[in-house]
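Undergrad: Take a look at the letters that make up each chain.
Protein chains: 2
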Amino acid sequence: MDKGLLFVISGPSGAGKGTICKQLVKAINITMSVSETTRAPREGEIHGKNYFFVSKEAFQKKKKENGYLEYAEVYGNFYGTPKEFIMEKIGSGHDVVLEIDFQGALQVKEKFPDGIFIFILPPSMKELKKRIVNRGSESEKSCKERFNNALKEISYIDKYDYCVINDEVTNAVRKVRTIIEAEHYKVTKEIYDQIQKYKEELLCSTPQ
Amino acid sequence: MDKGLLFVISGPSGAGKGTICKQLVKAINITMSVSETTRAPREGEIHGKNYFFVSKEAFQKKKKENGYLEYAEVYGNFYGTPKEFIMEKIGSGHDVVLEIDFQGALQVKEKFPDGIFIFILPPSMKELKKRIVNRGSESEKSCKERFNNALKEISYIDKYDYCVINDEVTNAVRKVRTIIEAEHYKVTKEIYDQIQKYKEELLCSTPQ
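Going line by line, the protein sequences match chains C and Z. Per my numbering: the first sequence ends with 700, consecutive numbering throughout. Per my numbering: the second sequence ends with 700, consecutive numbering throughout.
By construction, these hints were calculated from the structure, which means they are not laboratory data. Heads up, a few of these hints could be off.
Rough simulated footprint, nothing fancy, chain Z against chain C, three-plus residues with beta-carbon under 8 Å [claimed, not checked]:
#1 641-647
#2 651-661
#3 670-683
Capping the alpha-carbon separation at 30 Å, the derived lysine-lysine pairs in BS3-like fashion look like this [as the list claims (entries may be wrong)]:
#4 681(C) to 651(Z)
#5 678(Z) to 651(C)
#6 689(C) to 601(Z)
#7 644(C) to 681(Z)
#8 622(C) to 691(Z)
#9 581(Z) to 651(C)
#10 681(Z) to 651(C)
#11 622(Z) to 681(C)
#12 691(C) to 618(Z)
Which residues of chain C face chain Z? A partial, calculated answer using Cβ under 10 Å [what the hints assert, rightly or not]:
#13 609
#14 611
#15 617
#16 667
#17 686
The C-beta atom is built at its ideal place from N, Cα and C for all residues, glycine as well.
Assemble the whole structure, with the sequences as input and the hints as a guide.
TA: Rendered as structure tokens:
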């Protein structure tokens, strides 16, 4: 059985990476990575779906044991990607998709360089501005912050393997699916071992 | 405009790489690389389609000027992949496919490491044997030779980026097309430069 692969998806806020990931999970056999967090669940959030809600003690323990592919502290709460969850999925032949910002992605790349890193871009910065402003709920200050963050985020694109421009969601999802499929045709150590088997088969079956 | 890409396709005799390349050229906008040779044209062969037929002097001159991505001498005749032909196509945004054995592919990789190297495998060695024997025209000695060459060829698979098992031609062509498309989503220097433009655009358009 082939091993699964880990796909890490980043992009500036407003590029539409969240929608793409959701559509991807619906469309193909890929598991979304679920983070652990020490913050309290919000209304409607489901343990094991939105997050795994854990105690600060449990988080600190796992962190010390190198149990997270990446983690971050935000406003006093911790968030982390549990390594075991992903390794089990991959080991049993399932692909995993992890949606995360560039800081998280860089941590993952260090701990799991076999991951495939995909960056989602808006078709233009004009479009990104429109998408951020159209969210409505944002104050002017928050809009500017998002822009500055987007600016910072996209300057890390050279750390990624692939780049998909989200001009239209269906199209962007199709492109990400193409990348996922192609990555499964990469020559790996497993294929090389398979080849050794081929060679033995060949040596035994040379025409008489 | 995006630059084109060079796809190098190898595989043991009988794996079906020739058929795959032909179908590929029919199906998508990709140009087959045409070799230069010093041997005389055979009946039905068209200059510029099957080969560019050149004199030994012209070949030697170009060889000295580093004008071939790879070359080989077979039974006193020279065969070479003209660099200029490929560079022009790529420079004008066209993809090129080059069908070649592993010795040629290794030479190309050295001179053009940006190439994408795809290895075509038969579904099994049993199937490969069947395909070689079924060609009919082969003597027993020639069959054994082909097997030995296949054995040698596939041991170089670790020099390739991708591997496609040709269980069924239509399926194999679809897989190669998937690889070609995905490779166009790779993050390149061009995209990084584009990003710098994005950033300038962003700096100018921060909401007032």
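Undergrad: For each hint, tell me whether it holds in the structure or not.
TA: Here's how the hints hold up against the structure:
1. 641-647: holds (count 4)
2. 651-661: holds (count 5)
3. 670-683: Three-residue rule met by the region 670-683 of chain C, so holds; n is 9.
4. 681(C) to 651(Z): Measuring from Cα to Cα gives roughly 12 Å; hence the hint holds.
5. 678(Z) to 651(C): Answer holds: residue 678(Z) to residue 651(C) is near 11 Å, not above 30 Å.
6. 689(C) to 601(Z): Satisfied, since the Cα-Cα distance of roughly 26 Å is no more than 30 Å.
7. 644(C) to 681(Z): holds (18 Å)
8. 622(C) to 691(Z): holds (16 Å)
9. 581(Z) to 651(C): Since the Cα atoms of residue 581(Z) and residue 651(C) sit roughly 29 Å apart, the hinted pair holds (cutoff 30 Å).
10. 681(Z) to 651(C): holds (12 Å)
11. 622(Z) to 681(C): OK: residue 622(Z) and residue 681(C) at ~27 Å, within 30 Å.
12. 691(C) to 618(Z): Given pair residue 691(C), residue 618(Z) holds - Cα atoms ~11 Å apart, limit 30 Å.
13. 609: This interface hint holds because 9 Å falls under the 10 Å limit.
14. 611: Holds, because the Cβ-Cβ distance from residue 611(C) to chain Z comes to roughly 7 Å (cut-off 10 Å).
15. 617: Residue 617(C) check passes; min Cβ-Cβ to chain Z is 4 Å, inside 10 Å.
16. 667: The hint holds - residue 667(C) has a Cβ within 10 Å of chain Z, the shortest such distance being about 6 Å.
17. 686: Check passed: Cβ of residue 686(C) comes within 9 Å of chain Z, closer than 10 Å.
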